Amino acid sequence: MNEGERIKKLEEQTRRLFLKNCTLGLGGLAFSSMLGSCGYSGSGSENMAEMGGNPMAPKAPQYAGKVKQVIYIHMAGAPSQLELFDYKPELHKLDGKTCPQSFLEGKRFAFIRGVPTMLGPQAKFKQYGDSGAIISNYLPHLSTIADELTFLKAVHTDQFNHAPAQLLMQTGGARLGRPCMGSWVTYGLGTENANLPGFVVLTSGGNNPDAGKSVWGSGFLPSVYQGVQCRSDGTPVLFIDNPEHISRESRKASIEALSKVNKLSYDEFKDPEILTRISQYELAFKMQATVPDVMNIADEPEYIHEMYGSDPNKSIFANNVLLARKLVERGVRFVQLYDWGWDTHGTSEKGSVDIGLVNKCRETDKSVTALILDLKQRGLLDETLVVWGGEFGRTPMQEFREGKENIFKGRDHHSEAFTMWMAGGGLKKGFSYGETDEMGYAGINGRVSVHDIQATILHLLGFDHEQFTYKYQGRDFRLTDVHGRIIKEILA
Amino acid sequence: MNIFEYFGNFHPLVVHLPIGFLVVFLLLGLFIPRQKLIDAYSIIRLILLTSALFATASSITGYILSISGSYDQEVVSNHKWFGIVLTIVNWIIYFKLDYLLHTSIRNFRLSLVFVLVMLTVTGHAGGSLTHGSEFLTPPPPDQWLAFGPKEKRKITMSSTALEATSIILEENCYACHGRSKQKGELRLDSKEAILKGGEDGKIIAEHAADSRIMELLLLPIDDDDHMPPKEKKQLADVEINYLAWWIDHAMNEEKTLEELELPDSLHGILYEEEIQIINNLVPDKDVKEADEKALERLNGLGVTIFPIESDANFLSANFANMLPENITPAMQELEKVKSQLIWLNLDYHQLTPEAWTALSKLENLRKFSVRNTNMDDEFLVHLSPLKSLVYLNLVDTKVTDEGLLQLKELQKLESLFLYQTMVGKNAIASLTQMFPLARIDTGNYFVPTLVSDTTIFHK
Numbered sequence: 001m002n003e004g005e006r007i008k009k010l011e012e013q014t015r016r017l018f019l020k021n022c023t024l025g026l027g028g029l030a031f032s033s034m035l036g037s038c039g040y041s042g043s044g045s046e047n048m049a050e051m052g053g054n055p056m057a058p059k060a061p062q063y064a065g066k067v068k069q070v071i072y073i074h075m076a077g078a079p080s081q082l083e084l085f086d087y088k089p090e091l092h093k094l095d096g097k098t099c100p101q102s103f104l105e106g107k108r109f110a111f112i113r114g115v116p117t118m119l120g121p122q123a124k125f126k127q128y129g130d131s132g133a134i135i136s137n138y139l140p141h142l143s144t145i146a147d148e149l150t151f152l153k154a155v156h157t158d159q160f161n162h163a164p165a166q167l168l169m170q171t172g173g174a175r176l177g178r179p180c181m182g183s184w185v186t187y188g189l190g191t192e193n194a195n196l197p198g199f200v201v202l203t204s205g206g207n208n209p210d211a212g213k214s215v216w217g218s219g220f221l222p223s224v225y226q227g228v229q230c231r232s233d234g235t236p237v238l239f240i241d242n243p244e245h246i247s248r249e250s251r252k253a254s255i256e257a258l259s260k261v262n263k264l265s266y267d268e269f270k271d272p273e274i275l276t277r278i279s280q281y282e283l284a285f286k287m288q289a290t291v292p293d294v295m296n297i298a299d300e301p302e303y304i305h306e307m308y309g310s311d312p313n314k315s316i317f318a319n320n321v322l323l324a325r326k327l328v329e330r331g332v333r334f335v336q337l338y339d340w341g342w343d344t345h346g347t348s349e350k351g352s353v354d355i356g357l358v359n360k361c362r363e364t365d366k367s368v369t370a371l372i373l374d375l376k377q378r379g380l381l382d383e384t385l386v387v388w389g390g391e392f393g394r395t396p397m398q399e400f401r402e403g404k405e406n407i408f409k410g411r412d413h414h415s416e417a418f419t420m421w422m423a424g425g426g427l428k429k430g431f432s433y434g435e436t437d438e439m440g441y442a443g444i445n446g447r448v449s450v451h452d453i454q455a456t457i458l459h460l461l462g463f464d465h466e467q468f469t470y471k472y473q474g475r476d477f478r479l480t481d482v483h484g485r486i487i488k489e490i491l492a
Numbered sequence: 001m002n003i004f005e006y007f008g009n010f011h012p013l014v015v016h017l018p019i020g021f022l023v024v025f026l027l028l029g030l031f032i033p034r035q036k037l038i039d040a041y042s043i044i045r046l047i048l049l050t051s052a053l054f055a056t057a058s059s060i061t062g063y064i065l066s067i068s069g070s071y072d073q074e075v076v077s078n079h080k081w082f083g084i085v086l087t088i089v090n091w092i093i094y095f096k097l098d099y100l101l102h103t104s105i106r107n108f109r110l111s112l113v114f115v116l117v118m119l120t121v122t123g124h125a126g127g128s129l130t131h132g133s134e135f136l137t138p139p140p141p142d143q144w145l146a147f148g149p150k151e152k153r154k155i156t157m158s159s160t161a162l163e164a165t166s167i168i169l170e171e172n173c174y175a176c177h178g179r180s181k182q183k184g185e186l187r188l189d190s191k192e193a194i195l196k197g198g199e200d201g202k203i204i205a206e207h208a209a210d211s212r213i214m215e216l217l218l219l220p221i222d223d224d225d226h227m228p229p230k231e232k233k234q235l236a237d238v239e240i241n242y243l244a245w246w247i248d249h250a251m252n253e254e255k256t257l258e259e260l261e262l263p264d265s266l267h268g269i270l271y272e273e274e275i276q277i278i279n280n281l282v283p284d285k286d287v288k289e290a291d292e293k294a295l296e297r298l299n300g301l302g303v304t305i306f307p308i309e310s311d312a313n314f315l316s317a318n319f320a321n322m323l324p325e326n327i328t329p330a331m332q333e334l335e336k337v338k339s340q341l342i343w344l345n346l347d348y349h350q351l352t353p354e355a356w357t358a359l360s361k362l363e364n365l366r367k368f369s370v371r372n373t374n375m376d377d378e379f380l381v382h383l384s385p386l387k388s389l390v391y392l393n394l395v396d397t398k399v400t401d402e403g404l405l406q407l408k409e410l411q412k413l414e415s416l417f418l419y420q421t422m423v424g425k426n427a428i429a430s431l432t433q434m435f436p437l438a439r440i441d442t443g444n445y446f447v448p449t450l451v452s453d454t455t456i457f458h459k
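Top to bottom, those sequences are chains A and B.
Going by our numbering, the first residue of the first sequence is number 1, and it counts up by one from there.
Going by our numbering, the first residue of the second sequence is number 1, and it counts up by one from there.
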């Protein structure tokens, strides 16, 4: 906003308007967000409020990205890397022995108290593919596509409780209030299909992630960029049909009238939240036409259902994975999947690394494998990034809750080392980066932090994570805060 | 450390008190008329007494600190003697103040000048001791207005091993073990000095594993002997590993890291070059800006068209939001931006023959997707002039092996997707010959259903 406009704006702050704002209460807030500027430095993208147009319009990143879209599969609860990818024969030998003091001194765990015993790997491991990636017998399908994957074997975080760790992984900060990765990406790139939301969230496993909906919230970014959660059973989007006796034409007329009124209001107040409202109404109208087609997995051919293990009559993870492929195929920018139930402490059969974890793998292995292969054959894997991981890892120790051994075999939350994998454009395929010590307790080389992963994802999409900022409360914010290094070792 | 040495540590604190009082004395002496000074005689005496007492305390604590021995003796000696002289002069002025003010104002002025000079010289010597001799050296004039982060020496594969070591040590160790300070009588700013060791003896052994320096670096941070001290900036793991590697390579001086084959795991010490992005989907050389009117018309027709990167003029176009009746005019309009247009997506549309014909003009296309369209062998011929194509997606169209023969001039093709087309698996061999660079994918992947996929595991 130039000086002249600013003065004009101030002149409009009449006593009458002031009183009106007071009665409206939130007027002051509107004014403050009007002053906040958007736009990332070093790019031609303009302040959204100045654009006055569609906030979801596609925008150019800083440089041509290797990928255009992301499917992020977050296994909420944190899968055990020691049963899936990080094979530790030495740990096997120490099974049942007392944990060495060096693992406990000065460390804090979520539940382990006292001195626990070590717990050997419960799965059997083999090497697969030309790359020789090590994968356990819990994942018989994924192991067949080992050469498509890029493993990060020594990821570390600094949170050992679910909610803050999930927030850190998704928003770059362990506390509430910051935009998640999907919001940043849609804010930066917009979306190419105007008839669908740019950022879709699908949950499964019976629960939302522990951090709640904040993990797909837009934080301080305009709320148009928050994730749109779709239901995984029944109609994916509620109230998508017009009520009885309302025709599509009359719906259109009423939304147009509403948009006009909102536009007037926007011209007066320049509050980007009004633009959000306009575009949400328009999107909802367009979605009435497209959603029944795109979101309906029932129309997919039988062999596709067999490949994914999906079933339109149930509410299962595989349906979400298939839906994710359909959405990405139609140009949705960011699809975030959360599957709940990976927290294997050993307090119940379901939450154990030798029983419950096996069943979680059985629920998800086939569909995730199918997703990679299906994207590949459709020519989409080159321009899509698939990320798989939890919010932290699990301890090489058997969990001793309050000093007593848990009834089932289980592992506590572990922040020092865990495995994630990615697949898609711009990555070295069939590559493994990072290594943990003999016990799988901590990374000994190729350690990467949560912010490193975020920096790398942004890089693949065409953003320099240090330049991609949003000004809020007087300072420039980044997804990676003040951290993050691009993991260039895994880039093709 | 005994109790005396402990008092020595208070020197940097106590030393500032006499400085302050002497400055007050100087200001009064230089700017207040003599008569007024005589009126304030008792106050001035009090100021001088205080400064003299603290100066004495500073001399004593300073002397204790100097014999603890971790300083450059030459600079210490200057500072020590200046300080002692200043203290004595201070006492003299205190006892002779009456005489100086009443009888010899000239000597009074002289004493002021002397104090001013001694204060400056002593302070400077002291400052050089604590912060290093270059601390107060002004930068060369051409850098006076250079703001922003300062340029660091960079380690690259062509740095010699000794250079790399000195860059790491300079950043982390020289402040206490360099030219102006030698804590523990140890200097690390030359290879000879490193070999010599400090007051506890040698720090380097034949192998890194036996070297005292590695032990000190690797001790837990809470250990009193750990280096650098807990509150100072710590070395990165990779820097410590590099030092060990360097010791094990006989502390090589001349060879470059390249020649010594620096292992991958130590590449973390190298200066990170900006990441080079190799992307064959984008030309190296930028083009001029696209015609704005053409862009407006395309937007009006519903084409989603936007730049691929913020600082270049290349365009990507997507027909995802198009109404069927606008497709043909839009395809024809695209010719106006053909030099900029490098990515095009026509997925899920049925195009008229005229629209397909317009395709042949878009000769700069690098990435082209026509999934699920009415593309067939007849229309495929319009692709043959698109010699820059790198990515071609023909999934879910009616093209056949024979139709693809029309594309044999597309020698830059790197990815060709043929899932759900009439192209059979057995055509791959001949296609691979035709497009030697290309990854050809006919898809039809399948994930078999295992018993375990549909059953629940129990023990």
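Keep in mind the hints are simulated off the structure, nothing from the lab.
Any given hint might turn out to be false.
A short list of chain B residues far from chain A (calculated; beta carbon distances all over 12 Å) [unchecked claim]:
#1 23
#2 56
#3 67
#4 95
#5 120
#6 190
#7 248
#8 267
#9 272
#10 293
#11 294
#12 299
#13 305
#14 422
#15 454
Keeping only pairs whose Cα atoms sit at most 20 Å apart, straight-line, the calculated EDC-like set for lysine to aspartate or glutamate is [as the list claims (entries may be wrong)]:
#16 429/A with 170/B
#17 459/B with 349/A
#18 233/B with 192/B
#19 191/B with 223/B
#20 428/A with 453/B
#21 428/A with 441/B
#22 314/A with 5/B
#23 488/A with 272/B
#24 459/B with 354/A
Not close to chain B: a few residues of chain A, all C-beta gaps over 12 Å, as computed [to be verified]:
#25 113
#26 114
#27 128
#28 194
#29 206
#30 223
#31 239
#32 240
#33 286
#34 291
#35 309
#36 340
#37 356
#38 444
#39 488
Small disclaimer: the values here were computed from a predicted structure and weren't measured.
Beta carbons are placed, not taken as given, at the ideal position from N, Cα and C, and that holds for glycine.
- Could you let me know if the closest chain B CB is still more than 12 Å away from the CB of residue 309/A? violated (6 Å)
- Could you let me know if the closest chain A CB is still more than 12 Å away from the CB of residue 454/B? violated (8 Å)
- Against chain B, does residue 340/A hold up as non-interface, every C-beta pair farther apart than 12 Å? Residue 340/A is indeed farther than 12 Å from all Cβ atoms of chain B, at 17 Å.
- Item | Reported absence of residue 291/A from the contact zone with chain B (all CB gaps over 12 Å) | holds (15 Å)
- Query: Would you say residue 240/A is clear of chain B, with no C-beta pair closer than or equal to 12 Å?
  - Reply: holds (19 Å)
- Is the Cβ of residue 56/B farther than 12 Å from every Cβ of chain A? holds (47 Å)
- Item | Assertion that residue 114/A lies outside the chain B interface [Cβ separation over 12 Å] | holds (23 Å)
- Checking the smallest CB distance to chain B, is residue 286/A really beyond 12 Å? The assertion about residue 286/A is violated, with a minimum of 9 Å to chain B.
- 12 Å cut-off, C-beta based - residue 128/A kept clear of every residue in chain B: Correct as stated: the minimum Cβ-Cβ distance to chain B is 15 Å, above 12 Å.
- Message: Checking a non-interface call: every C-beta of chain A should be farther than 12 Å from the C-beta of residue 67/B. Is that right?
- Response: Fine: 38 Å to the nearest Cβ keeps residue 67/B off the interface.
- Does the claim that residue 444/A lies off the interface hold, with its Cβ farther than 12 Å from every Cβ of chain B? violated (9 Å)
- Message: Tell me if the straight-line CA distance from residue 429/A to residue 170/B falls inside 20 Å.
- Response: Outside the cut-off at roughly 40 Å; violated.
Comparing the model with each numbered hint stated earlier shows that hints 8, 9, 12, 13, 15, 16, 18, 19, 20, 22, 28, 33, 35, 37, 38 and 39 do not hold.
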